[in-house]
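Asker: If you're matching them up, the sequences are chains A and B in order.
Number 206 in numbering that gives the first Met the number 0 belongs to position 207 of the first sequence; there are no gaps in the numbering.
Number 242 in numbering that gives the first Met the number 0 belongs to position 243 of the second sequence; there are no gaps in the numbering.
Check the hints yourself; a few may be wrong.
Note that identical chains are pooled: a pair holds if it fits in a single copy or bridges any two copies.
As a list, the in silico DSS-like pairs of lysine-lysine whose alpha-carbon atoms are at most 30 Å apart [what the hints assert, rightly or not]:
no., residue 1, residue 2
1, K233, K21
2, K39, K309
3, K96, K156
4, K21, K156
5, K95, K232
6, K287, K126
7, K232, K21
8, K1, K21
9, K250, K21
10, K96, K232
No lab work stands behind these hints, which were simulated from the structure alone.
2 protein chains.
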Amino acid sequence: MKTFEEISLIISSELDQINWSKEPRGLYEPIGYVLSMGGKRIRPALTLMACNLFQDDVQPAVNTALGLELFHNFTLLHDDIMDRADVRRSKPTVHKKWNDNTAILSGDVMQIASYQLIAKTPAAYLKYVLDLFSQTAAEICEGQQYDVDFETRDVVKAEEYLEMIRLKTAVLLGCALKCGARIAGAGEEDAQNLYDFGINIGLAFQLKDDLLDVYGDEASFGKKIGGDILCNKKTYLLIHALEQATTESKKELNNWLNISDEKFSDEKITSVTKIYNQLGVRTICEDKMLEFYTMAVANLEKVSVSDIKKQELRNLASKLMSRND
Amino acid sequence: MKTFEEISLIISSELDQINWSKEPRGLYEPIGYVLSMGGKRIRPALTLMACNLFQDDVQPAVNTALGLELFHNFTLLHDDIMDRADVRRSKPTVHKKWNDNTAILSGDVMQIASYQLIAKTPAAYLKYVLDLFSQTAAEICEGQQYDVDFETRDVVKAEEYLEMIRLKTAVLLGCALKCGARIAGAGEEDAQNLYDFGINIGLAFQLKDDLLDVYGDEASFGKKIGGDILCNKKTYLLIHALEQATTESKKELNNWLNISDEKFSDEKITSVTKIYNQLGVRTICEDKMLEFYTMAVANLEKVSVSDIKKQELRNLASKLMSRND
Chain A
0 MKTFEEISLI
10 ISSELDQINW
20 SKEPRGLYEP
30 IGYVLSMGGK
40 RIRPALTLMA
50 CNLFQDDVQP
60 AVNTALGLEL
70 FHNFTLLHDD
80 IMDRADVRRS
90 KPTVHKKWND
100 NTAILSGDVM
110 QIASYQLIAK
120 TPAAYLKYVL
130 DLFSQTAAEI
140 CEGQQYDVDF
150 ETRDVVKAEE
160 YLEMIRLKTA
170 VLLGCALKCG
180 ARIAGAGEED
190 AQNLYDFGIN
200 IGLAFQLKDD
210 LLDVYGDEAS
220 FGKKIGGDIL
230 CNKKTYLLIH
240 ALEQATTESK
250 KELNNWLNIS
260 DEKFSDEKIT
270 SVTKIYNQLG
280 VRTICEDKML
290 EFYTMAVANL
300 EKVSVSDIKK
310 QELRNLASKL
320 MSRND
Chain B
0 MKTFEEISLI
10 ISSELDQINW
20 SKEPRGLYEP
30 IGYVLSMGGK
40 RIRPALTLMA
50 CNLFQDDVQP
60 AVNTALGLEL
70 FHNFTLLHDD
80 IMDRADVRRS
90 KPTVHKKWND
100 NTAILSGDVM
110 QIASYQLIAK
120 TPAAYLKYVL
130 DLFSQTAAEI
140 CEGQQYDVDF
150 ETRDVVKAEE
160 YLEMIRLKTA
170 VLLGCALKCG
180 ARIAGAGEED
190 AQNLYDFGIN
200 IGLAFQLKDD
210 LLDVYGDEAS
220 FGKKIGGDIL
230 CNKKTYLLIH
240 ALEQATTESK
250 KELNNWLNIS
260 DEKFSDEKIT
270 SVTKIYNQLG
280 VRTICEDKML
290 EFYTMAVANL
300 EKVSVSDIKK
310 QELRNLASKL
320 MSRND
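I would like the entire structure built from these sequences, with the hints used as guidance.
Answerer: Right, here's the structure in full:
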């Protein structure tokens, strides 16, 4: 069995071999730039790790894995335009470093490039992987659309939020695992259990993100604490706070939601966090996260390979839960 | 053999059957809107007509044909954002009717939807069609990038312009024909001759567009005459005018290129057109267009099916050349 670190090395070495120094430069250079920013490469790692559960040789799944990573980075590129996010991983985003048009067009060709890698999936699994990938890609767009829609909605229910993050984040993890398993010849039941494992890890992962935004350590989190609070993002915490709040705390919370003046930023973060603490929404969010994590572990248990082989995936899942960045 | 009109009916009826009234509405509604704007549906028609050269039943090529049409409309959607074009086919464009973010995201999912249709290509040809489609899609993005790059370049050579329009416009026509032929079991040589036919028709088609912008009839052309002149678009006409111009006419032309004040619009169009006429660039462009058209006809001749079967494609090519819209 390969460790996560060994898998990660394979991925970064294969990613580095793709040549983006081609013409027209204005189109391809931003792709190289985006990929050079790094990232955890979780998705392609999941593909190769799922593959590795069923066979030693992970090479047949490499191109598919890279395709998923490219697609993920494409979504970040276009999302950053839509969110007017100027910085990612401490570097200027593509639309900031170049311009919106470049970010749109380079993103488009990046999506095509991800399909070109997916098309290199071993012939026997091409149609299966292609269909799952397209379905997943469309779901991710749907998730992004719901995310945008929720910004202007007065009320978003917790289950609607969970469905949004399932689409926007979790399905690609599930897809990554399922593709890797199938390419290694796994049956549909095992592949589906790994898919479900990915979904539950993805949901837990996003709830962890919501928690880190409020309760994380700024230095290790890598972005400013309280960003979600400042932009009134309807996270699992805020949704539950609005649901649980008494008349008085609801009034106070709504007051803060109406304040966007930057000079009150620190006070807004402190006060909203205090309301969250009073209402116990941190615990609610942590409990929900653990619930998904527990389900994920149960999904992994069901996969019909020896327990020892699952250790790396189990470790990765556990690491994603205890992360502070 | 099916006529172009019969083929067009099949395409519009099949296109109408795709359901875009699904959730989230904000994501899918713009796709239905873009497709409802109509258009000549040349690309899917070419796929089915090429298929029809080799077999009666065009049904096996329908999904591929629709995928190409969807992709074409996706490129229009994203190009309109980049060009800040507010109107297409007399209707507001998506980014105008909704907003930029909607146009970006709906375009993204439209590209995925086009791949979902391409994935329905009969299994025996899926990998071939998928690879050709992705290569073509990437080339179209490259063409768009060159088009953008040329805007800020001082000098663009005629051959660079032709390469740009080959990528931006012609390759999709070639791809459409080649896919249709291969799906009907045609050999690579016939398929390649049809591809080349498409390339040459595409190049001629774009030169016709350049000519119509200056010499067309406003009512039938559907957009304002002289649009390319007003925005200093480096068309085949302008490129040749700048190359052919004497010191004096070059000075006059450059003067007009520096004038962007709307109150001189009519005068700019009249004056630049007069310079074109003096320099004979209309004839140069018409000659080049005819050269490509003649090559296209020769490509079609080489396809190893009976002459009578080629009549519909020959008619279509001729119609595209004599069109005034």
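Asker: With reference to the structure, classify each hint as holding or not holding.
Answerer: Okay, the hints, checked on the actual structure:
no.: 1; hint: K233 x K21; in the structure: between (42 Å within a copy, 24 Å between copies)
no.: 2; hint: K39 x K309; in the structure: within (20 Å within a copy, 55 Å between copies)
no.: 3; hint: K96 x K156; in the structure: between (37 Å within a copy, 29 Å between copies)
no.: 4; hint: K21 x K156; in the structure: between (47 Å within a copy, 20 Å between copies)
no.: 5; hint: K95 x K232; in the structure: both (23 Å within a copy, 26 Å between copies)
no.: 6; hint: K287 x K126; in the structure: neither (36 Å within a copy, 43 Å between copies)
no.: 7; hint: K232 x K21; in the structure: between (39 Å within a copy, 26 Å between copies)
no.: 8; hint: K1 x K21; in the structure: neither (34 Å within a copy, 43 Å between copies)
no.: 9; hint: K250 x K21; in the structure: neither (57 Å within a copy, 37 Å between copies)
no.: 10; hint: K96 x K232; in the structure: both (26 Å within a copy, 26 Å between copies)
Violated hints, in rising order: 6, 8, 9; the structure is consistent with all others.
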